[in-house]
Every structure is written in C-alpha cells, then in structure tokens.
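Asks: The chain contents come next:
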Amino acid sequence: MLEQDLYARNLPDIQSKLKCGKAAIAGLGGLGSNIAVMLARIGVGSLFLVDFDRVEPSNLNRQHYNHSHLGQFKTDALASQLELINPFVSVRTCCEKITADNAANLFADYSLVCEAFDRAEFKADLVCSMLAAGKTVVAASGMNGVGDSNLITTQRKLGKLWLCGDGLDSPPELEAGVGFMAPRVMLCAAHQANAITRILLGLEEFT
Amino acid sequence: MFINGEKFEFTGEITISDLLKTHGFDCTRVAVERGGVIVRKGEFDSTKVVDGDKLEIVTFVGGG
Chain A
1 MLEQDLYARN LPDIQSKLKC GKAAIAGLGG LGSNIAVMLA RIGVGSLFLV DFDRVEPSNL
61 NRQHYNHSHL GQFKTDALAS QLELINPFVS VRTCCEKITA DNAANLFADY SLVCEAFDRA
121 EFKADLVCSM LAAGKTVVAA SGMNGVGDSN LITTQRKLGK LWLCGDGLDS PPELEAGVGF
181 MAPRVMLCAA HQANAITRIL LGLEEFT
Chain B
208 MFINGEKFEF TGEITISDLL KTHGFDCTRV AVERGGVIVR KGEFDSTKVV DGDKLEIVTF
268 VGGG
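First to last, the protein sequences are chains A and B. The opening residue of the first sequence carries number 1 in my numbering; numbering runs sequentially from there. The opening residue of the second sequence carries number 208 in my numbering; numbering runs sequentially from there.
Chain A with its partners taken away, still in its complex shape (with noise of 0.2 Å):
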C-alpha cells in the first residue's frame, strides 16, 4: 500500500502540510479516541496520545474501542487500531494521569493541545495552563443527551482557544458522566478534529 493512496480522496494539495502537523491530545475517552481517528484517517503526521485510564464496558457506547480492547490501557488499545488505519502516522503515547504539575512537560514539544477530558475542573485546569503557556487549544464543553445537533458549535475565546460544544451542563437529575452517547460525542469530536485539520492547514486566523 502506498501512502498517497489512503488519501485519494482527500482535499488536493493539502497532504504535506498535514503530513508536517502535529496535535497532541489530553485524554483518550469519547472525545479523544474519535478525535485521534478522524486525524490519523485524513493522514495528520504525529499523535500523542495521553490518558491513564483502562478501557471498560461502559466506554463502548461511544468511545473508539471493542471488546477485544476491554482492560487494555487506553494509550495502548487507540496507538494499535491507529497502526492499522494508517501506518504512516507516527503515534507517541504517554500512560499517565495529566495534572497541573506535569502538563507544561508533558506538552512542551507540543504547540496545538487537545482538551478531551470528561470533568469540568480538570478541562479548565488544562486549558488555563496551556493557553498561559501560549499554546493553541481545542477544547469541548456540553454534548450531554441527544439534543439539537445543530447546539454543538465552534466557537472562538480567549484568543488562541477554540471551544466546541453546546456548552450546556448535563441535566441535574442524572448522575455524573451519565447521558453521554455517541453520536451527540462525536459529533462534539468532528468539530474539534475539523478545527485541528483547519488550524493545521493555516485556515483558522491567529490575533
């Protein structure tokens, strides 16, 4: 198989600058796992995946795993399915849990950094970190349910933050992490990977 044939269908004249990008992304669940996928497809040139977490039951509903994959780290389950989508993506993980502490590390060779974490505190703490270390960051708040599709947006803040979502909390009478799905996640998912592929691609303007 040759490479340029994974993107036949692909915008032209596009591949060498996506072959050159290069996204790091925060967090492996609904969000990350679609994400790392639509980006290894369309041919982005290296990944680094980061999440400390196991691979469950309850994350088939919309996280990008099967049952061969239950108990596997999450790192480990995304990096070998990315193998067999595309092998020319080069694919770095890190099996740790990102906190306040390491995350100026962990991302330092990284200028574009995906928020595809699950709680609120954690997506603020991360986003406020990386956008004070002057990065450029993807971010995602509120896809709870099956609401209206046309809610989830992208939006720009905060300069170099791009944020999608419907931005609404889930409903209090669930319980936490309860009501995420599939399509309304990974429709949040296709707008976060469709602003990387425009950021990557120069699209997106830089004030």
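These are computed hints drawn from the structure, not numbers from a lab. Note that the coordinates shown come from a computational prediction; the quantities given were computed from them, not determined experimentally. Idealized CB from N, CA, C, for every residue including glycine. Treat the hints with caution; some may be incorrect.
[To be verified] SDA-like, lysine to any residue: derived pairs with alpha carbons at most 20 Å apart:
1) A:160 <-> B:243
2) A:157 <-> B:218
3) B:214 <-> A:160
[Stated by the list, open to error] Computed list of chain B residues with no C-beta within reach of chain A, every gap over 10 Å:
4) 235
5) 258
6) 260
7) 267
[Said to hold, decoys possible] What follows is a list of derived Cβ distance ranges for each label pair:
8) A:148 <-> B:212: 45 to 53 Å
9) A:3 <-> B:229: 50 to 58 Å
10) B:219 <-> A:12: 56 to 64 Å
11) A:4 <-> B:229: 51 to 59 Å
Given the coordinates of chain A, assemble chain B onto it according to the supplied hints.
Replies: Frame of chain A, contents of chain B only:
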C-alpha cells in the same frame, strides 16, 4: 468593567476569585482572560481587577 462584553458599574478593586463568586461562577470550572492575558488558576486569589478592566470568562461543563 466589562465581563464577556457586558458592562458592569464598579468602583474600587476586587480579586478575580471574589469577582467570580459575586457573579455566580464556579472558580474551579472557568478560564479567565484579563485584558487579553490568561490569568493562571493559582493567581485568582491574588490578581485584582479594577474598573475599566475587560474580562473574558469561559465556563466548562463536564462530559467527553
């Protein structure tokens, strides 16, 4: 002072933490920019804002 483009009358000075609480924001779930510069989380208690400052506040909700 402007918060997310909306004008608020204000005199004196107030820390970012107190301002967020006053306006009903959860300090643990926000990112704050003052005059185009990101305020680090650890500086919410010590950074003071005064009238005329422009703040942008982004709130995060859970899920992913």
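Asks: Evaluate each hint against the coordinates.
Replies: Right, here's what the structure says about each hint:
1. Using a Cα cut-off of 20 Å, the hinted pair residue 160 (chain A) and residue 243 (chain B) holds, with the two alpha carbons roughly 10 Å apart.
2. For the suggested pair residue 157 (chain A) and residue 218 (chain B), the alpha carbons sit about 27 Å apart, so the restraint of at most 20 Å is broken.
3. A distance of roughly 24 Å separates the Cα atoms of residue 214 (chain B) and residue 160 (chain A); the hinted pair therefore is violated under the 20 Å criterion.
4. Taking the minimum C-beta to C-beta distance to chain A, about 5 Å, the non-interface status of residue 235 (chain B) is violated against the 10 Å cut.
5. At roughly 22 Å, the least C-beta separation between residue 258 (chain B) and chain A is larger than 10 Å, which holds for a residue marked as non-interface.
6. Even its closest Cβ contact with chain A, about 15 Å, leaves residue 260 (chain B) beyond 10 Å, as expected for a residue assigned away from the interface.
7. With 10 Å as the threshold on Cβ separation, the claim that residue 267 (chain B) sits away from chain A is violated: the shortest Cβ distance comes to roughly 4 Å.
8. Separation of residue 148 (chain A) from residue 212 (chain B) is about 25 Å and departs from the stated range, judged on CB atoms against 45 to 53 Å.
9. Checked against the hint of 50 to 58 Å, the pair residue 3 (chain A) and residue 229 (chain B) passes, with Cβ atoms roughly 56 Å apart.
10. For residue 219 (chain B) and residue 12 (chain A), the Cβ-Cβ distance of about 59 Å falls inside the hinted range of 56 to 64 Å, so the restraint holds.
11. A C-beta distance of roughly 58 Å is found between residue 4 (chain A) and residue 229 (chain B), which places it inside the suggested range of 51 to 59 Å.
In summary, the structure is inconsistent with hints 2, 3, 4, 7, 8 from the numbered list given earlier, while agreeing with the others.
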